[in-house]
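Please put together the full structure from these sequences, using the hints given.
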Amino acid sequence: MKRDIFKNISPLDHRYSLNEEEFSNFSEYFSEEAVIRYQAVIELALIKGFAKIGICTQDMVKEVEDAIEKLTPEEVYKEEKRTRHNTRALVNCIRRNVQNKTKPYIHLGVTSYDIIDTARALRYKEATKKLILPTLIALEKVLMEIALREKETIQIGRTHGQHAEPITFGFAISEYVSRLGTRIEMIKEKGGNLRGKISGAVGAYNALSLLVPDPITFEKEVLLEIGLRPATYSNQIVEPEYLNDFIHAIVSCFGVLANLADDMRHLQRTEIGEVGEYFSEEQVGSSTMPHKKNPINYENVKGLWKAFMPRMMTLYMDQISEHQRDLTNSASSRFTDEIIVGLLLSANRLTRTFQKFTVDRENLRKNFNLSKDKIIAEPLYILLSYYGHPDAHETVRKMILKMQKEKGTLWETAKKEEELIPYIERFTSFQREILSHPEKYIGKAKEKVEEIVTYWMKRLNIK
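Following our numbering, the numbering of the sequence shown begins with 59 at its first residue and continues without gaps.
FYI, nobody ran anything at the bench for these hints, they're computed from the structure. Check before you lean on any hint, since a few could be wrong.
Unchecked claim - 25 Å max Cα-Cα, derived SDA-like pairs, lysine to any residue:
id	residue 1	residue 2
1	Lys246	Glu137
2	Lys424	Lys364
3	Lys364	Asn406
4	Lys473	Arg484
5	Lys136	Val99
6	Lys424	Val99
7	Lys188	Gln462
8	Lys430	Gln462
9	Lys502	Leu428
Structure below.
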């Protein structure tokens, strides 16, 4: 039966998953079906471990493998209604489809969270490699292209919401190339370091010690089968810091996307108008103002960040578990997937938006020209100080006030000040050129763009 998205409860499943390709990609790792499928993988890895040391046979492994192939979330949920225990429900459903001689070895010697925590670590590790990193790198590539394309496009820099010194628009974008690059590396590192456990109800290998001569080595070998390492220590659950570090990397990355979106949102203000989102012919900006073109994509990203960023606090609260384990993280941890999905939705939205992104060079120049005559205050004061003026900052500040009452540029005003002439005469031709043409006062913005993009292309192996 076709999925009726409008009967879902979470906006992630209807409003933000109208894109069927995204929904399919996300559900591979973050749906309830995926949760059950990955937990079944851990049950299978366990019985494979038993077969390797001769406790059961390879035929039994094949039986379990076939039983898992037939497994559906519906039957597991139906069984859970009877047992009131999700892991036991999964085990019972697998056991129904194997012979009696195989049944004893399913879930033997382990506890629920051997399966649950290990399955989550495997899901997130594989999602990191196959979905999260490719999604973020796609956005990184688009930002790199814009940064290089606009590396010489003059823009007025802004601090505290005020015009500051000239930069280039490519330099502004390269900030996010670098910040996103560090987050990609952090997600890769923390996602690759997620751990599992096969150590029993309190983590001391009590039950497995009855069955295998070296349960610690057994745990390593079972986890190696699925590409994981054991936690250094576990009780009933894996040390929560591995998961917390990973989700912190996700949330930290989300913050970079939100900051980028916020910057672009402000640059679309009517009075600024330096960039623009693509706006289709039939798109409506306002229900009552037909002229409006709202920055909806950037606002959406910031809105999703506001929704999901605070959930990191839940992860920190879930870090606390009494003694060898309590159940207070059971319900709350089920919502962790949504944080990752929120990031992926936002990254995809930004990638699509930046692929049709417009830069209004005319408005960039116009806004720059608003402060063109004032922004040489910094280089003028720096040079006067360098050549020996005892109070250059105060002198230039007063000149700015004077200039505001009279016509002309700051540079023209400075050249007429008799007390400054001895210092100005020592300025080099390059220094005079900067003061005469403020648009050239961009330092190494262009070179820095090239350096940053080259660095991250190499670090992230982007062609």
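Verification of the hints:
| no. | hint | in the structure |
| --- | --- | --- |
| 1 | Lys246 - Glu137 | violated (37 Å) |
| 2 | Lys424 - Lys364 | violated (34 Å) |
| 3 | Lys364 - Asn406 | holds (17 Å) |
| 4 | Lys473 - Arg484 | holds (12 Å) |
| 5 | Lys136 - Val99 | holds (20 Å) |
| 6 | Lys424 - Val99 | violated (61 Å) |
| 7 | Lys188 - Gln462 | violated (59 Å) |
| 8 | Lys430 - Gln462 | holds (13 Å) |
| 9 | Lys502 - Leu428 | holds (23 Å) |
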